[in-house]
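**Q** Produce the complete structure using the sequences and hints provided.
Residues per chain, in single letters:
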Amino acid sequence: MRRQVEGSKAVAETVARCRPTVVAAYPISPQTHIVERLSELVTVGELTSCEYLMVESEFGALSACIGASAAGARTYTATASQGLLFMAEALPNASGLGLPIVMTVANRAIGAPINIWNDHSDALSQRDSGWVQLFASSNQEAVDLHVQAFVLAEQMSLPVMVCMDGFVLTHAMEEIDVPEQDDVDAFLPAFRPRQWLDPDHPVTIGAMVGPDAYTEVKYLMAQRQRRTLDALAEVADRFRGAFGRDSGGLLRPYRTDDAEVVLVVMGSVWGTAADAVDQLRADGVRAGVLGVTCYRPWPGDALHDALSGIANAVVVNRAVATGPGGVLGQDVHVCAPTGTAVREVVMGLGGRPVTRAGLVDLVCDVLDGWEPAGVLDYRDLDERVAQRELAREEALP
Amino acid sequence: MTLDVRIHGRGGQGVVTAAELLSLAAFDQGLHAQALPSFGSERTGAPVVSYCRIDDKPIRAHDPLDAPQVVVVQDPTLLRAADVLDGLAEDGVVVVNSARTPAELADAGLRLEGHQHAVCLPASELARERLGRPLPNTALIGAVVALTGIVGLPALQEAIRQRFTTATDDVLQANLQLASDAHDLVSEREHHDA
Amino acid sequence: MTSELYQIGTFAAGNRLLEEDQRTIQSSRDRGNAITSGHRACRGCGEALAARVVLDAAQRTAGGRMVTVNATGCLEVFSTPYPESAWQVAWLHSLFGNAAAVASGVAAALRATGRDDIRVVAQAGDGGTVDIGLGCLSGMFERNDDVLFICYDNQGYMNTGVQRSGATPPAASTANTRPLGGSVGNSFGTGKSLPQIAMAHEIPYVATATVADLHDLEAKVVKAMGINGARYLHLLVPCPLGWGTQSAETVRIARLAVRSGLFPVFEAEHGTVTGVTPIRQPVPVEDYLRPQTRFAHLFRGEGRPEVVAALQERADRYIARFGLLEGEPDEAAPKDEVRT
Chain A
778 MRRQVEGSKA VAETVARCRP TVVAAYPISP QTHIVERLSE LVTVGELTSC EYLMVESEFG
838 ALSACIGASA AGARTYTATA SQGLLFMAEA LPNASGLGLP IVMTVANRAI GAPINIWNDH
898 SDALSQRDSG WVQLFASSNQ EAVDLHVQAF VLAEQMSLPV MVCMDGFVLT HAMEEIDVPE
958 QDDVDAFLPA FRPRQWLDPD HPVTIGAMVG PDAYTEVKYL MAQRQRRTLD ALAEVADRFR
1018 GAFGRDSGGL LRPYRTDDAE VVLVVMGSVW GTAADAVDQL RADGVRAGVL GVTCYRPWPG
1078 DALHDALSGI ANAVVVNRAV ATGPGGVLGQ DVHVCAPTGT AVREVVMGLG GRPVTRAGLV
1138 DLVCDVLDGW EPAGVLDYRD LDERVAQREL AREEALP
Chain B
4 MTLDVRIHGR GGQGVVTAAE LLSLAAFDQG LHAQALPSFG SERTGAPVVS YCRIDDKPIR
64 AHDPLDAPQV VVVQDPTLLR AADVLDGLAE DGVVVVNSAR TPAELADAGL RLEGHQHAVC
124 LPASELARER LGRPLPNTAL IGAVVALTGI VGLPALQEAI RQRFTTATDD VLQANLQLAS
184 DAHDLVSERE HHDA
Chain C
48 MTSELYQIGT FAAGNRLLEE DQRTIQSSRD RGNAITSGHR ACRGCGEALA ARVVLDAAQR
108 TAGGRMVTVN ATGCLEVFST PYPESAWQVA WLHSLFGNAA AVASGVAAAL RATGRDDIRV
168 VAQAGDGGTV DIGLGCLSGM FERNDDVLFI CYDNQGYMNT GVQRSGATPP AASTANTRPL
228 GGSVGNSFGT GKSLPQIAMA HEIPYVATAT VADLHDLEAK VVKAMGINGA RYLHLLVPCP
288 LGWGTQSAET VRIARLAVRS GLFPVFEAEH GTVTGVTPIR QPVPVEDYLR PQTRFAHLFR
348 GEGRPEVVAA LQERADRYIA RFGLLEGEPD EAAPKDEVRT
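Protein chains in written order, with the working numbering: chain A, 778 to 1174; chain B, 4 to 197; chain C, 48 to 387.
One should not assume that every hint holds.
Residues from chain B that face chain A, not an exhaustive set, calculated with beta carbons under 8 Å [claimed, not checked]:
| no. | residue |
| --- | --- |
| 1 | Gln32 |
| 2 | Gly33 |
| 3 | Ala36 |
| 4 | Gln37 |
| 5 | Ala38 |
| 6 | Leu39 |
| 7 | Ile62 |
| 8 | Arg63 |
| 9 | Ala64 |
| 10 | Asp66 |
| 11 | Pro67 |
| 12 | Asp69 |
| 13 | Leu175 |
If you're looking for bench data, these hints aren't it; they were derived computationally from the structure. Quick caveat: nothing in here was measured; it's all calculated off a predicted structure. C-beta atoms are modelled at their ideal positions from N, C-alpha and C, and glycine is treated no differently.
**A** Here is the structure:
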């Protein structure tokens, strides 16, 4: 039903309609409204047959989900930033054990310095944890991705992280069509675990694997990740058929067909970028935007195809990396077609807004021959402050 | 048709609720709306900002408003301290929670340019009368509704009913009355000034 | 469940002089062998012995309806060398510090899906309980989740090469508390009593036991399995490798620990001690320390008599506090902070 509702609450209600049997909750800004709303739904009896565990830390939260999932329950938790890092040890444990846990990450910067506002550093820091990572471009997509996430997770026996921009999406109140219970039930069948803790058929889960077998185990996991790309696209297709909405999938292109410059973005910036593209097009600039919805597993082939014939791609990184470029940027670099010039910027760290005007300027600059400064161009940096501080450091004995 | 509203106040004055009410009212009326708080740690007394975008087309963007047509100032002490008027449209309107006049507030930081104009409303006093507490947000949103004519008072009142489901009936009625009083006050004045 | 026949009843695993109902579960021909042969534990491993006793008893009490959650540690490592497993029960290993949280999740899942006739037993070594596992364990206690948590305390991080843990006793030599220079080994004043921390959470049942008294150990497991809510068993399990004892001496060393007073054997419910196993034949701490290489520095050459005396004083404090010689706690005994 179409309602004017806060993103977090819509996500919580959607998750509830996915009928999780165990929810583990530990609060961290900006995810709190999700776990609070789930608690309400359990307390008033709208979410039945669900144990809501208030745990002692995020590490406890994901650990409880691991146990619950291994015992055959559909499980869910949510976190952000520091919380995601605190459960970092458990992330590859969950994926390694093939547990179809679904988790919302309300993307937030990581400290130090402590910053509670939105960027992608948290999820991206865990990109190789073996979790599927999906980035929502809007609250509607965030809601839809959770339904798809449970289907995908249980189909592939892989945990799925649904990323939604903290505060920007979680705390935005807007028009969202929250899927009805019947429709979710028709789309998401009951959980049938591949293996679980069953006294009647005891299995050993979590054995120690030595040098003689570890490589094969990891290789097979990687193959499963590859198959997940196809499965994900197929789930999105089925979702479109069932709900009449285009949500999820690997990429989200907008007006890229004949574009000279394409902005490559993840998350809610997509909406702002689409507005920027419309403005540019109205001024005769052939701009487009390509959203990456499925970040992990990385849709390299799809991205390559999407950028074919496009002269310029500008990647907006919303996380810092100390390697040869941005996290998203380098992934795009590696897979872009040879005819596409890929430039990267860092923008929107720690909640600094990525504005339509800023994106319009960026596209225009690219067409004017602008090149990034250095390995990573901090596009929205206050140069004055930066230079002053650098000079001060250099002047120190 | 778009309407961008930015609301300034201090934590505890219902700044976020104000944006939500406006967005609910717009939605009720078949428009698209998005309310965004300026997100921070939960602390009363600190300056807070919220935004409401209203449009007859679906809203995709999630960046903060940079050119609001309406700025609401729930706490006049912010006029001096914060850049509350930044980006206000050339013919934008500022709604200030104050018993003083715009001219009197000029010294307090109310600097208007071009065709911008200000409307002052003693929202806290009205709220104290009706609600028993100086919570100015519903009155101020009532004023915004009157000024812009994009959303009607009935839609706002429906939004209040939807939003304040856990309030007692007294509190709910008081808020409904407050929105209506402020709406009528401003309507008359604008009509009179026109 | 102690027998009148002291010599035979308490110390023998199987014996036909006892009534049927007084025989141990271990002595039964159809015991579950929750952990079976083929595992890679050291000779004389106290933990392997305890694990079988505990889980067979738990399984029997639960009518086979039981699942196990195991922390990283010796027990997990020596029992599951892929592609083999020594476990004949449903068994899950996640990480080092989260056994309690994982077990809480399992219990929640069973409850939510109407299968809470299936009981959950979590197990970890002392490292995974008192140090890295403490946060999750405290959370499980505080929520009173329906989990029986077993700590196999061999007083050190044995799996990684005998490093000191929060359960390592004072004056013990470990890989990172060597008695070099004038050092005494592990410092006095460090360490924590998990049984007392568990009691502070006022959970339904807390008990200590050792591999030296099989009947007592089984009885406590059976009792714990008959209770719902958070329960905690702290078991002393000597480690021949880490303690430097003879592999055939494991049971005897555990018994000496109890007889010296250094390991009080008691039960508590909701924060109050409800029962104490009296020491029948007390021994000075030296009798317990001497057979262990990890305490050899206290007796080499001139030895460290003052350290031994300090350990004796510690033992005497426990004896007084828990009333280990009289069978009643001594209310007048000096109460001091939680120390092991």
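**Q** Which numbered hints does this structure break?
**A** 1, 2 and 13
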